[in-house]
Amino acid sequence: MKKEFTPRITSFLCKWCSYTGADLAGTARLQYPTSIIPIQVMCSSRVDPVFLIKAFLSGSDGVLIGGCHPGDCHYETGNYHARRRFAIVMGVFDSLGLESQRLKLSWISASEGPKFARVANEYTEEIMALGENPTRKSIFL
Amino acid sequence: MSSIIIDTSASRGVTELLRFLLESGKIDAAITMRNDPENNTYDLGLITDASNLDEAVPLIPVMTVNAGQALSSISISRKKIAVVLKPCELRAFVELVKREKGSLENLLTISYTCGGVFPLDTVITEQIEELLPKYKKIILNGEIPVNTRDTCRTCEHFIPMNADITVSVIGECKPGAGCVMYLNTEKAEDFAEDFAGERSDRKFDPSALKKTLDARLAEKEKLFASITKDGPGLDRLLDTFGKCVGCHGCSSVCPICYCLLCDFESANFDYNLPYFEEHLSRKGALRLPPDTIFFHLGRLTHMSFSCVGCGMCSDVCPVDIPVAAVFKKTGEKTAALFDYLPGRDVEESIPVMVYKEEEFPDIG
Amino acid sequence: MIPREDEPMTDAQRKGAVLPVAKDPGDAILEFLRLAVASELADAVILPMKVPSGDSYAWILMNDVSLMDDAVPIAAAMPVQGAKALRSLTRKSPGNLTVIAVMRPCEIRAAVELVKLGQVHADNLILATYDCPGAVQLQKYVDDPEGSEEHFSRMLQSGKPDNTAKPVCHYCEEFSMFDSDLHFGYLGLSEKEVLVIPGSDKGSELLAGLGLDPARDLSDWEKGIDSLKVERETARKSAFEETGEQLRGFSGMLSVFANCIGCHNCQSACPICYCRLCYFDSETAQQDPDALITAAAKRGGISLPEDRIMFHVGRMTHMSLSCVSCGQCTDACPVSIPVAGAFSYVADRTQRTFEYKAGRNDGDPLPLRQFRKSELPGIHELVKNAESEGPSHE
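Residue numbers (our numbering), protein chains in the order written: chain A, 23 to 163; chain B, 48 to 411; chain C, 7 to 400.
Careful: at least some of the hints might be erroneous.
Stated by the list, open to error - Cross-link-like lysine-lysine pairs, in silico, PhoX-like; alpha carbons within 25 Å at most:
{"no.": "1", "chain 1": "A", "residue 1": "Lys159", "chain 2": "B", "residue 2": "Lys184"}
{"no.": "2", "chain 1": "C", "residue 1": "Lys304", "chain 2": "B", "residue 2": "Lys127"}
{"no.": "3", "chain 1": "B", "residue 1": "Lys330", "chain 2": "A", "residue 2": "Lys76"}
{"no.": "4", "chain 1": "B", "residue 1": "Lys184", "chain 2": "B", "residue 2": "Lys127"}
{"no.": "5", "chain 1": "C", "residue 1": "Lys304", "chain 2": "A", "residue 2": "Lys76"}
{"no.": "6", "chain 1": "B", "residue 1": "Lys73", "chain 2": "B", "residue 2": "Lys127"}
{"no.": "7", "chain 1": "C", "residue 1": "Lys304", "chain 2": "A", "residue 2": "Lys159"}
{"no.": "8", "chain 1": "C", "residue 1": "Lys122", "chain 2": "B", "residue 2": "Lys73"}
Source of the hints: derived by calculation from the structure; they are not laboratory data.
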């Protein structure tokens, strides 16, 4: 068994949907783990690939992007671009054999408090199973 | 579209074409590789006077700078310019045109079936002229010269894309039997009108180069396997890039990295002391300057889908990191996500500028 | 370290404390640093450590004493100029961590220049140097780490660079310096001891805090250093004569830099070139394409990328006053141009013009930050000489 640890999941949440979804989960008193460290962004497309990489290399055990469902972007097309950028980062991670499971994108609308709680719980469990990110202790990065 | 049979060597044929174009005033300048026999050096020359073409070695397997990068600012001139470039250089230039960092409008592009180039180390330590006979023999046979850049030995895109004129070097150009220049566009026909040489309606036949293609593909598989031979992952990445000295030479010679000030050299990644203190308290140590791996991973996400595998980055690395091999491998993966091929079509948008509503159903 | 408020010590005042040596000088330095961190006189240290692939070194900032076992204070190669490590740590602010950095004299001298340029804040840094025999060329080290280590251990014993060392190391006269806060001296001494010599109040206080008494007279050590200096001075003279000959005139410059591909690696490896965006990479320096072609037409042709010689001459005017001849530029050059030799030669002349020595920590401001109303009487001579030689049109 892996030693129990509290993962750190850096979460970039769109102001118009996922961040509000997280609020809703809170006001509805739905339980979700403290592993989620929310950072509000104006749109999921604000998340440059280097944000994901910086968070990953700085020892985040997981990195989550929460954006509006395709078609629902407050800025009309931002999340389509976010999806492409995310695909590129995943492609880079896969080709280098890095743990791409540590990166996740999820569409969570402002009304989906329960979905936010579910994603937070499930992703935390997934990361717990993966264990601590080895970048946390590496000094040569 | 027609073709021209040249009865001399391909290199002389191209030089003569440039001479004709300059002398007839059809172009204002020609850009081609040159040799300075006095210093035994090679460079990319911008030539305006036909008498200076004596130094031209247009097809020399040497790349001192990716010509696509060098062309970037010059190409927006209103002057007419003919440029001889390697297929990967032309592809890189097409990628720059898509980024509004160059224009094909006033250019006549001449490219050729490329046998690969010698690494810069070889260029400065050996006599290239002496290596050429063996090199030519090998590429003529559809084989791979072992002493060329690793990305050249594994390059499957050695047939020019988008060139106005394609010079056939690898397969057809047999000594004594003459060479062929294929005029691929109206522009080429216009420029080459009145240029001496036997016209023919011969069409370029890529299938004749199947042997080269197969050899390169097999070599590519080997190279890509070697990058991850001790297993993939973070440790492997540290083994490969851990000795990076942070000179960013790879990015400055990269034709795709056109940013005047790279994000990774900007104030965005200057840190205050608390940043270092956090690292110290967490792991007891950190590297200075920080962000060694970050730079390479970041660059991979920023430009790998446009990587043409020219190999300049590996050549300038002071600590021999196989940058080009890693970028080529990852680049193929990221480009394939979008069925994208860098340099294929100037009308094709770079993947991060466009999107489809229905794609990547697994994401989200 | 700067601005220097304390009076520099006179030679007679200078004395060192003796550190016992178990294995080699590096070990004695490590032991000293462990003690400093354990006694909370320093929060962290900066030392070289082998990278995971084993064929190079990286600068590591560490406060975990156990990690220091893997550090190599006197490393065979200098892949990254130490001043750049110090800059990344203190560029924005001095912070409140007391950090001891052990680096080659040329790295500390570059750091001193960066302090003057406002790029390093050394308030809480304790800068330590050691007798440097030279550094193995980076390419040679990467090609053969084990062999290079053997070469270097012989260099360490003799204090003399061998043919694997960087060319500039052979004629470096500043391989042992007092201008640091601390200096570890071992040349000319018995193998059983290293002297730690304070060069500033900061250094003296650290020694006092550790209960080390600088009581040892330095004459043995100084004799060792002086005899090596004589050799280096001779080498310097002949190297400069040779370089001066090669660089003479425009054609000389052209032939030395003939292979330049314009990658600017020399500039990015240079500790002094701190500009985020070099002038020569900026839009201002980019030529208008039509003008470029017109310019080419005057000569029948030009080389691309354009202005490669201009870049080197320009850089010489921009930074040679602060050049410490560390040789990083040559190491980084992909086409083996002896950049450092040329820059060192030019720097020697430009610095002499102002009686300035880059890296000297004596409170002297940068020459271009000040002027005297009456100075440089020879400038008219210079102009006259240049006119009589006539401009070169090659």
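**OP:** Could you tell me which of the numbered hints above are not met by this structure, giving the numbers in increasing order?
**Re:** Violated hints: 1, 4, 5, 7, 8; rest satisfied.
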